[in-house]
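Protein chains in written order, with our numbering: chain W, 2 to 137; chain X, 2 to 137.
To be clear, the hints were calculated from the coordinates, so they are not data collected in a lab. Don't take every hint at face value.
Copies of the same chain look alike in the list, so a pair counts if it fits in one copy or across any two.
Lysine to any residue pairs mimicking SDA-like chemistry, simulated, CA-CA at most 25 Å apart [said to hold, decoys possible]: (1) Lys54 to Thr75; (2) Lys112 to Ser96; (3) Lys54 to Ser96; (4) Lys6 to Gln128; (5) Lys6 to Lys54; (6) Lys10 to Asn65; (7) Lys10 to Ser47; (8) Lys54 to Val77; (9) Lys112 to Gln128; (10) Lys112 to Ser101; (11) Lys10 to Ser101; (12) Lys73 to Glu21; (13) Lys112 to Gly98; (14) Lys54 to Val76; (15) Lys112 to Glu93; (16) Lys54 to Gln128; (17) Lys112 to Asn62; (18) Lys73 to Asn83; (19) Lys6 to Val103; (20) Lys10 to Asp84; (21) Lys73 to Val103; (22) Lys10 to Ser82; (23) Lys73 to Gly39; (24) Lys54 to His129; (25) Lys73 to Phe113; (26) Lys73 to Asn62; (27) Lys6 to His129.
Chain by chain, the residues run as shown.
Protein chains: 2
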Amino acid sequence: MKKSKLQFKTPDDIEAVFYEAFMHCDADVMAGLWAAEGVVCIHPGSGAIVDYKTIIRSWGNIFNNAQRNGIKYTVVNALVSNDLAVHVVAEEMLSSGRVSAVVLATNVYRKFDSGWLMIEHHASLVQHRSEGQTLQ
Amino acid sequence: MKKSKLQFKTPDDIEAVFYEAFMHCDADVMAGLWAAEGVVCIHPGSGAIVDYKTIIRSWGNIFNNAQRNGIKYTVVNALVSNDLAVHVVAEEMLSSGRVSAVVLATNVYRKFDSGWLMIEHHASLVQHRSEGQTLQ
Chain W
2 MKKSKLQFKT PDDIEAVFYE AFMHCDADVM AGLWAAEGVV CIHPGSGAIV DYKTIIRSWG
62 NIFNNAQRNG IKYTVVNALV SNDLAVHVVA EEMLSSGRVS AVVLATNVYR KFDSGWLMIE
122 HHASLVQHRS EGQTLQ
Chain X
2 MKKSKLQFKT PDDIEAVFYE AFMHCDADVM AGLWAAEGVV CIHPGSGAIV DYKTIIRSWG
62 NIFNNAQRNG IKYTVVNALV SNDLAVHVVA EEMLSSGRVS AVVLATNVYR KFDSGWLMIE
122 HHASLVQHRS EGQTLQ
């Protein structure tokens, strides 16, 4: 089944919907915001997935095993140039209102004729912090 | 002390020098290939460093504690648009000729008047691999 793509006018628009889909475990929306080709997804501690179908399946697996009930995200850095945008985002995973884990993500979006789509999500768990490091 | 910036004509040029500096623990070269502002560095398992001086100091600390003797890097994905380039790179850390760890990095480069400089390095350790995941 070929998922129809959602349409986004700005990188901020698609990022908001990405985190809505992530928070609500919505696999259909997640499938609609990734580009079909030239994509890379790296979940925390994992290898790189470079195939659209496998990326969407990996999000389905994450959603099936989700034990959190909220994500607060803060943009650490945002860059846009022509048809490419790179955001670094701090994701605070919430369970029962408390932060259970902090993940840093590099999200890359590309502008197609129909609008912006996600082409990369690289996430890593923050396990230790040292001098000069910040999440925001 | 203000380090003078190196000059790179392409994202591939600066990436090659970045890994040369990484492999040879050359803090001066590392200092010369990062932009002075708008930078983000995330070492494996760590928080985000968004200040040039702290980023360069963090590389110095890594070089002081280096126990490997080689890095083999493979570009998983490369994108360029106008003055922004995003590379996903698999880094195989070698000790005595063997791969001791695999790290995935998103490297972002920006084109300035003087040439390309590094503006982001987001690295994460590959701790597990599952179906459909690849390093290349």
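Hints, one by one, checked against the model:
Only between protomers do Lys54 and Thr75 lie at most 25 Å apart by alpha-carbon distance; the minimum there is 23 Å, versus 28 Å within a single protomer. Taking the shortest Cα distances, Lys112 and Ser96 never come within 25 Å of each other, neither inside one copy (34 Å) nor across copies (41 Å). For the homomeric pair Lys54 and Ser96, neither the shortest alpha-carbon distance inside one copy (29 Å) nor that between copies (36 Å) is at most 25 Å. With identical chains, the CA atoms of Lys6 and Gln128 are never at most 25 Å apart, being 35 Å at best within one copy and 32 Å at best between copies.
Taking the shortest alpha-carbon separations for Lys6 and Lys54, only the intra-copy value of 14 Å comes in at or below 25 Å, while the best inter-copy value is 42 Å. In the homo-oligomer, the alpha carbons of Lys10 and Asn65 never lie at most 25 Å apart, since the shortest distance is 30 Å inside one protomer and 46 Å across protomers. Taking the closest pair of Cα atoms, Lys10 and Ser47 never come within 25 Å of each other, the shortest separation being 31 Å inside a single copy and 33 Å across copies. Taking identical chains as interchangeable, the C-alpha atoms of Lys54 and Val77 lie at most 25 Å apart only when they sit on different chains, with a minimum of 18 Å there against 29 Å within one chain.
With identical chains, the CA atoms of Lys112 and Gln128 are never at most 25 Å apart, being 33 Å at best within one copy and 32 Å at best between copies. In this assembly of identical chains, Lys112 and Ser101 lie within 25 Å of each other by CA distance neither inside one copy nor across copies; the values are 34 Å within and 38 Å between. Neither within a single protomer nor between protomers do Lys10 and Ser101 lie at most 25 Å apart by alpha-carbon distance, with minima of 33 Å and 44 Å respectively. Taking the closest pair of Cα atoms, Lys73 and Glu21 come within 25 Å of each other only inside a single copy of the chain (10 Å); across copies the shortest separation is 38 Å, beyond that limit.
For a Cα distance limit of 25 Å, the shortest separation of Lys112 from Gly98 qualifies neither inside one copy, at 35 Å, nor across copies, at 42 Å. For a Cα distance limit of 25 Å, the shortest separation of Lys54 from Val76 across copies, 21 Å, qualifies, whereas the shortest one inside one copy, 27 Å, does not. For the homomeric pair Lys112 and Glu93, neither the shortest alpha-carbon distance inside one copy (27 Å) nor that between copies (32 Å) is at most 25 Å. In this assembly of identical chains, the alpha carbons of Lys54 and Gln128 lie at most 25 Å apart only when taken from different copies (22 Å versus 30 Å within one copy).
Neither within a single protomer nor between protomers do Lys112 and Asn62 lie at most 25 Å apart by alpha-carbon distance, with minima of 28 Å and 39 Å respectively. With identical chains, the CA atoms of Lys73 and Asn83 are never at most 25 Å apart, being 28 Å at best within one copy and 32 Å at best between copies. In this homomeric assembly, Lys6 and Val103 never come within 25 Å of each other (Cα to Cα): the closest approach is 29 Å inside a single copy and 34 Å across copies. In this homomeric assembly, Lys10 and Asp84 come within 25 Å of each other (Cα to Cα) both inside a single copy, at 11 Å, and across copies, at 21 Å.
In this homomeric assembly, Lys73 and Val103 come within 25 Å of each other (Cα to Cα) only inside a single copy, at 10 Å, whereas the closest approach across copies is 30 Å. Taking the shortest Cα distances, Lys10 and Ser82 sit within 25 Å of each other both inside one copy (15 Å) and across copies (18 Å). Proximity of Lys73 and Gly39 under a CA criterion of 25 Å is satisfied inter-copy only: 23 Å between copies versus 28 Å inside one chain copy. For the identical chains of this complex, Lys54 and His129 are inter-copy neighbours only, at 20 Å across copies versus 33 Å inside a copy, given an alpha-carbon limit of 25 Å.
Taking the closest pair of Cα atoms, Lys73 and Phe113 never come within 25 Å of each other, the shortest separation being 28 Å inside a single copy and 34 Å across copies. Taking the shortest Cα distances, Lys73 and Asn62 sit within 25 Å of each other inside one copy (21 Å), while across copies they are farther apart (31 Å). Taking the closest pair of Cα atoms, Lys6 and His129 never come within 25 Å of each other, the shortest separation being 38 Å inside a single copy and 31 Å across copies.
Consistency with the previously given hints fails for numbers 2, 3, 4, 6, 7, 9, 10, 11, 13, 15, 17, 18, 19, 25 and 27, ordered from lowest to highest.
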